[in-house]
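Enquirer: Chain by chain, the residues run as shown.
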Amino acid sequence: MEKQKFFSGRRERKLTEALFLVPTVLAFIMVIIIPFIIGIYYSFTDWDGVNAAKSVVGIANYKNIFTEPAFLHAFLVTVKFTLFNVIAVNIVAFLMALLVTSQVKGRNLYRAGFFVPNLIGGIVLGSIWQFIFSSILPAVGKALGWAGLSASLITNANTVVGAMVTVNTWQYAGYIMMIYVASIQGISQQVMEAASVDGATYWVRVRKILIPLMANSFTISLFLTLTTSFKMYDVNLALTNGGPVAMFMGKPVQASELLALNIYNTAFKYSKMAEGQAKAVVFFVVLVVVSLIQVSINKSKEVEM
Amino acid sequence: MAAYNELDVVGQNKARQKRLRVLAEIGCILLFILFMLPFFIVLMNSMRTNAEIINSAVGMPENARNLIDNIVAVWNNPTFNFLQALRDSVIITVLSLAVISVCSAMTAWVLVRNKTKWSTFLFMMFVAAMVIPFQVVMFPLITWFKSLGDFLHIPLLRSHGGLVFAYLGFGESMTIFIFHGFVKNIPLEIEEAADIDGCTRAGTFFRIVLPLLQPVFVTVLVLNGLWIWNDYLLPLLLLGSNGDVRTIPLAVQGFIGSFVKQWNLIMVSTLLAMLPIIILYIFAQKYIVQGMVEGAVK
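Line by line, the protein sequences are chains G and W. Residue -14 is where the first sequence starts when you use the working numbering, and the numbers rise one by one after that. Residue 636 is where the second sequence starts when you use the working numbering, and the numbers rise one by one after that.
Worth flagging that the hints you see were computed from the coordinates, not collected in a lab. Computed from a prediction, not measured in an experiment: that's the story for all the values here. No residue lacks a Cβ here, since even glycine has one placed at the ideal position from N, Cα and C. There's no promise every hint is true.
Unchecked claim - Covered, in the sense of this in silico footprint (three residues per stretch, anywhere, with C-beta under 8 Å from a C-beta of chain G), are these stretches of chain W:
1) 661 to 674
2) 683 to 695
3) 727 to 734
4) 852 to 863
5) 878 to 890
6) 905 to 914
As the list claims (entries may be wrong) - Pair by pair, the computed Cβ-Cβ distance ranges are:
7) TYR255(G) x THR714(W): 24 to 32 Å
8) VAL693(W) x VAL182(G): 45 to 53 Å
9) ILE831(W) x VAL41(G): 54 to 62 Å
10) SER281(G) x LEU658(W): 36 to 44 Å
11) LYS781(W) x PRO229(G): 32 to 40 Å
12) GLY171(G) x ILE726(W): 36 to 44 Å
13) LEU787(W) x ALA136(G): 26 to 34 Å
14) SER281(G) x ASP704(W): 58 to 66 Å
15) SER281(G) x ARG793(W): 19 to 27 Å
16) THR204(G) x LEU658(W): 48 to 56 Å
17) SER256(G) x ALA733(W): 22 to 30 Å
18) ILE726(W) x VAL270(G): 44 to 52 Å
19) TRP710(W) x GLY171(G): 28 to 36 Å
20) ILE278(G) x LEU847(W): 42 to 50 Å
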């Protein structure tokens, strides 16, 4: 009797645990694994999106995309945007974190306020900033007589990336600020005070104590901004939709079209599904490399500690 | 002499500190104004007529009552259909959050409590999948969901269910990872005690383990909730831009695309779109910030 109950208990246990895995494993296979495998395969075919892939064309799609000015340009602009964005977001976020962890009055209100843009979706805030860049700023520029502002910054190929960095910094810096705030609050106040008593000025304390102790959260934030900037899509779509036109390798290209938007447009605007898929595979490979770098940096840190 | 000098240094430091603090206060106020300015612009231009905006983009509303007219115009606009978009967004977000959280917690728990080759392999698969960007699976996903749905006679495209299932697939990897780290620290003794008391395996999970996971739920709900609520691309691909089911980001984008830049109405549409999440933030600010920060650090 006792033994039987024990046996059925073990079976019940195995069965329950197996059933607990079913939903996630099923979704994982159906949503990630199968489309991923089909996707890799389709990038080597002449798939048109309507019919199943007809014939294998080898690396023809890859050859085409690496000689296509629009794709190469999108790649370069994405790298440029990512670089400036990572720097801008993190510097602004760090300075804001210093401000709101100092003794200023109303620091909780500031913290909450700086975080708000991060709650709002890229489509909505991209539309808001499109209005600001296309109507408000030119009006201000004209009223003040500033030539630089009188024309829209998002229809000028030279300033459009800067405009996107501005919008993304406004959106994202409050979030990164919170990560830095959590890190600063984890540092013992006694260390800072001791240094202060020893005559270290504020900036010396920040440079010699705060920044070295925050190394870990800098890595986290840098990679977080790096991957989100690289994958940027909806702000890009709602703010500029890739425009204006610029010349690259003797061909007209979209000056602010980032990779994610270029991949989407290749497939749906220009109906080149297989090439869009090949671009997505390249996009994936770049992100894998970035992740591997991040993992190896984290590993080497563990050794140090 | 020496003591006098030291005092002098302290005095200097004090003055310096005070100067820094005044600078910090001014910096905070300026930054705050800068950060809030776009919201102020949205509100002000929501109160103006289109003629006012065309006449001069920068200016105060002549009659704040226009806000109501504008809201009514946007609210009744069939392309925008805010109420329906709000309803669909709420249904999709709530269902997805429930499914992702519970299923991922179940999986993480089973994976932690069974130390076999299979559980390690499965966990490594989930972790590795976090690197896969949406772009690399999105095109095949549409055709695959279409054939699968036709085969099973379940509408996976243009339906709430198909989208929620897709969100489970895309959200579970990170969620399992977060839960996994937490479940490891739950002492096994608690579960053994429940086992001895005759609790079934499922009962142990739902009555003992799940309540203990409460602190992680904040992180998981906030991270996934903000992502799903604001997501544009996955709903666009699975629901289509003019289907029966439409989320708020789809409605905003569709509304803007259908207009010849009527900025006052566009501003009202963004105002309506932002309102639910801002209201939530006012009440749950602590949890939202905590969830976002812990999700990043993990």
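Enquirer: For each hint, tell me whether it holds in the structure or not.
Expert: Here is how each hint holds up against the structure:
{"no.": "1", "hint": "661 to 674", "in the structure": "holds (count 8)"}
{"no.": "2", "hint": "683 to 695", "in the structure": "holds (count 4)"}
{"no.": "3", "hint": "727 to 734", "in the structure": "violated (count 1)"}
{"no.": "4", "hint": "852 to 863", "in the structure": "violated (count 1)"}
{"no.": "5", "hint": "878 to 890", "in the structure": "holds (count 4)"}
{"no.": "6", "hint": "905 to 914", "in the structure": "holds (count 5)"}
{"no.": "7", "hint": "TYR255(G) x THR714(W): 24 to 32 Å", "in the structure": "holds, 26 Å"}
{"no.": "8", "hint": "VAL693(W) x VAL182(G): 45 to 53 Å", "in the structure": "holds, 51 Å"}
{"no.": "9", "hint": "ILE831(W) x VAL41(G): 54 to 62 Å", "in the structure": "holds, 60 Å"}
{"no.": "10", "hint": "SER281(G) x LEU658(W): 36 to 44 Å", "in the structure": "holds, 40 Å"}
{"no.": "11", "hint": "LYS781(W) x PRO229(G): 32 to 40 Å", "in the structure": "holds, 36 Å"}
{"no.": "12", "hint": "GLY171(G) x ILE726(W): 36 to 44 Å", "in the structure": "holds, 39 Å"}
{"no.": "13", "hint": "LEU787(W) x ALA136(G): 26 to 34 Å", "in the structure": "violated, 55 Å"}
{"no.": "14", "hint": "SER281(G) x ASP704(W): 58 to 66 Å", "in the structure": "holds, 59 Å"}
{"no.": "15", "hint": "SER281(G) x ARG793(W): 19 to 27 Å", "in the structure": "violated, 43 Å"}
{"no.": "16", "hint": "THR204(G) x LEU658(W): 48 to 56 Å", "in the structure": "violated, 29 Å"}
{"no.": "17", "hint": "SER256(G) x ALA733(W): 22 to 30 Å", "in the structure": "violated, 38 Å"}
{"no.": "18", "hint": "ILE726(W) x VAL270(G): 44 to 52 Å", "in the structure": "violated, 37 Å"}
{"no.": "19", "hint": "TRP710(W) x GLY171(G): 28 to 36 Å", "in the structure": "violated, 47 Å"}
{"no.": "20", "hint": "ILE278(G) x LEU847(W): 42 to 50 Å", "in the structure": "violated, 36 Å"}
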